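Participant: The lines below spell out each chain.
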Amino acid sequence: MAKGVKVVQGLLIFGNVVIMLCGLALTAECIYHVSDQHGLWPLLSAAHNDDIFAAAWIGLFTGFSFFILAIVGIVGVMKSFRGLLLAYLILMIIVFIFEVASCITAATHRDFFVPNFFLKQMLTLYENRNWQNDEQFQNYVGLTTAWKRIMPENECCGINGPQDWINFNSAFRESHLDADFPWPRQCCTTNSVAQIENVDACKLGVNGFVYTQGCFESIVGPLNRHTWGVAWFGFAILCWTFFVLVGTMYYYAILDI
Amino acid sequence: MKLFLLALLLCSLKGVDSMVKNYTPEVTNANLAGRITATTITFQQPLCQFDSEINATPGLIFWLVVANSQRGQNTFDAITFVQPSLMTHQTASTADYYLTLRTLAERYLCPPTSSSNGEMYFVRVGQETTCRTETCNVPLNNSKSYSVKFILINPSLQNSPNVIAQTNWSSFISLKTVVEPRNIDPSPRGRSAGMIVITAILSVLLFLLLAFFVAMLLMVCCRSTGKSDISEPIPRWGSLKRYNTHNLKDTNIGPYAMKI
Numbered sequence: 001m002a003k004g005v006k007v008v009q010g011l012l013i014f015g016n017v018v019i020m021l022c023g024l025a026l027t028a029e030c031i032y033h034v035s036d037q038h039g040l041w042p043l044l045s046a047a048h049n050d051d052i053f054a055a056a057w058i059g060l061f062t063g064f065s066f067f068i069l070a071i072v073g074i075v076g077v078m079k080s081f082r083g084l085l086l087a088y089l090i091l092m093i094i095v096f097i098f099e100v101a102s103c104i105t106a107a108t109h110r111d112f113f114v115p116n117f118f119l120k121q122m123l124t125l126y127e128n129r130n131w132q133n134d135e136q137f138q139n140y141v142g143l144t145t146a147w148k149r150i151m152p153e154n155e156c157c158g159i160n161g162p163q164d165w166i167n168f169n170s171a172f173r174e175s176h177l178d179a180d181f182p183w184p185r186q187c188c189t190t191n192s193v194a195q196i197e198n199v200d201a202c203k204l205g206v207n208g209f210v211y212t213q214g215c216f217e218s219i220v221g222p223l224n225r226h227t228w229g230v231a232w233f234g235f236a237i238l239c240w241t242f243f244v245l246v247g248t249m250y251y252y253a254i255l256d257i
Numbered sequence: 001m002k003l004f005l006l007a008l009l010l011c012s013l014k015g016v017d018s019m020v021k022n023y024t025p026e027v028t029n030a031n032l033a034g035r036i037t038a039t040t041i042t043f044q045q046p047l048c049q050f051d052s053e054i055n056a057t058p059g060l061i062f063w064l065v066v067a068n069s070q071r072g073q074n075t076f077d078a079i080t081f082v083q084p085s086l087m088t089h090q091t092a093s094t095a096d097y098y099l100t101l102r103t104l105a106e107r108y109l110c111p112p113t114s115s116s117n118g119e120m121y122f123v124r125v126g127q128e129t130t131c132r133t134e135t136c137n138v139p140l141n142n143s144k145s146y147s148v149k150f151i152l153i154n155p156s157l158q159n160s161p162n163v164i165a166q167t168n169w170s171s172f173i174s175l176k177t178v179v180e181p182r183n184i185d186p187s188p189r190g191r192s193a194g195m196i197v198i199t200a201i202l203s204v205l206l207f208l209l210l211a212f213f214v215a216m217l218l219m220v221c222c223r224s225t226g227k228s229d230i231s232e233p234i235p236r237w238g239s240l241k242r243y244n245t246h247n248l249k250d251t252n253i254g255p256y257a258m259k260i
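Line by line, the protein sequences give chains C and W. Numbered by our numbering, the letters in the first sequence go through residues 1 to 257 in order. Numbered by our numbering, the letters in the second sequence go through residues 1 to 260 in order.
The following block holds chain W by itself, in its conformation from the complex:
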């Protein structure tokens, strides 16, 4: 008789306590550019975890519990009757947890293998920037870290423990901390070899050119004071014909050459 009572008690206890699945929500490991941003975290969907419960009772609803502290986790875990409409993001500031992402249970059934090719299953926490429902999925607060778990609720149960099954809490996940652009140093990483070569060689060339030019002017000036009066005419192209039988001092004889 005693044994029977104990067994009954155990059975009822099992009925009261919701079943904690050996599953921990995880940030998706898919190669997503926006896995974690400053206000959102993308989790893997808890597919295939609750198939027996979902198939046993129709009309079950999934909720995602988002907690931003250990205290929030503990507070939520102590609750037996979960009322999602009273646990929205509006109460999160005091309660440190809230419920969001109401999902029909069938959505997290194991997908048929045929349709799973190319499909991706994510849950993005913090997605809704404009709230349309009370329990909307508001952007997360960048300064906090978050832990989530999925719970399966039977909405037809009133005033009695209504959580059919749940997952473990995920670890606390910090959001991306953004860097201020003014902290970026845009200065170049030193001088390139090409720039140094060009600058050095061109400076030398320019210096040489000017030096040669001055030397040339000096040479011509000095010579013009004491130059000899006989000089060989410089050949010129373009005039009718070069004609230099006359040792004329003036080399500018082109047009007159024809006359002689």
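Chain C on its own, in the form it takes in the complex:
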């Protein structure tokens, strides 16, 4: 019996060490996601569709909780403190539930990243000056600034290409005439000193003077990668944690037979 118990103990400690490391990794990943290296948060925030960041925030805290609780679990298993083990189990289940929420939110949210979502939002909010309150003001300005940065940075224009700006009516169109500004100047190619190469050619849409590529990939690419990580890495951790927790329950149950 004692030998079998030692094996269980060893397995549980190993399992908790893995949870510890994964927890740290998840925290790190979520910090990276939350820090928003590509500056895409305004695009999601403006459409009140930033659940993905909520998922990352939850993941950040659950990752850290996993790290701490795994240490508690290791101590509990080593010392065979029943109280500690019960506390470990209860807290772990709570963290587990939160991580399930984070995971499902991230996975669900990935499906919302379709071109039309970003297109509609770009058309209605870019250069929109009809804000009603402070929140809208911040959202609109944030989105406009983000777009003005994304387009030159990624050498792209609109969501599907410069046509987006002339095929659709938009807040931008209301303040900018079609003949002068078929698309924002940020779509124009620039030379090495960041000056527009040829405004007239850009207005005409001559290849090489306007970015003909759409920005969809540049926007959704990073978002999708991060979300994929939060969703599937979280999922993997949860599967592992499930077995460790079941093992701990078994251990707890046999503790005083």
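The hints are simulated quantities; they were obtained by calculation from the structure and are not laboratory data. A hint or two may mislead.
As a list, the in silico DSBU-like pairs of lysine-lysine whose alpha-carbon atoms are at most 35 Å apart [said to hold, decoys possible]:
{"#": "1", "chain 1": "C", "residue 1": "K148", "chain 2": "W", "residue 2": "K144"}
{"#": "2", "chain 1": "W", "residue 1": "K21", "chain 2": "W", "residue 2": "K144"}
{"#": "3", "chain 1": "C", "residue 1": "K79", "chain 2": "C", "residue 2": "K3"}
{"#": "4", "chain 1": "C", "residue 1": "K148", "chain 2": "W", "residue 2": "K21"}
{"#": "5", "chain 1": "C", "residue 1": "K79", "chain 2": "C", "residue 2": "K6"}
{"#": "6", "chain 1": "W", "residue 1": "K176", "chain 2": "W", "residue 2": "K21"}
Predicted model only: the values in this text are computed from it and were never measured.
Place chain W on chain C using the hints.
Facilitator: Frame of chain C, contents of chain W only:
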């Protein structure tokens, strides 16, 4: 004698009627993102079409006639003496045509082959958003369709037919109709397989976990009421040494093991 008169008449008729070139202005076929927008149309320049006339008479001027209806076309075609200053965009609402894009004739000469590499020759109708001249090239009206033709005028001719040559009318070209953004449907195209897998498996795992936890608690509770008084101590790590010669019921003997 009669024959001579007829010939003279023919000659004079030819002089009066401007020459219609076998050329139809066309929307550029170049790969331009903004060939046709909601207020502009970009045409090819009528290069190489009028070289003989331009070379024969210096000082000729090109104008672009923009008509927005068949009636406008007919009205303009009936006019023999063209006065561009009276046919501006301001009169277009009643006349259905106007003249714009005054261009020195030499501009539409055949470009020397050496300089044509990389150069593009376009005429963008509707370009000028701020008018600086009377005959400016105002943005077009999105609800109408437009037909254009180039005419070559000799400005030195007064009160006599002054159109030296002209092209055919282009076909009527509709401007781009814009779609309202509220008609865009931003909803996702259904659920991805990954999302379904994650949600399903995690729900099952969570359910199982809770079930196991409840089962464990029940097991422990039930056992604690009727449990045997002899139990094997669970080995513990971390204390000084495992020491279990005594079958003590209380497993919590670590610190006392040394004393014995």
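Participant: Now look at each hint and say whether the structure bears it out.
Facilitator: Status of the hints after comparison with the structure:
1. C:K148 <-> W:K144: holds (33 Å)
2. W:K21 <-> W:K144: Given pair W:K21, W:K144 holds - Cα atoms ~26 Å apart, limit 35 Å.
3. C:K79 <-> C:K3: With a Cα-Cα distance of about 16 Å, the restraint between C:K79 and C:K3 holds, given a limit of 35 Å.
4. C:K148 <-> W:K21: Not satisfied, since the Cα-Cα distance of roughly 48 Å exceeds 35 Å.
5. C:K79 <-> C:K6: Holds, at roughly 12 Å.
6. W:K176 <-> W:K21: holds (29 Å)
Of the numbered hints stated above, the single one contradicted by the structure is hint 4.
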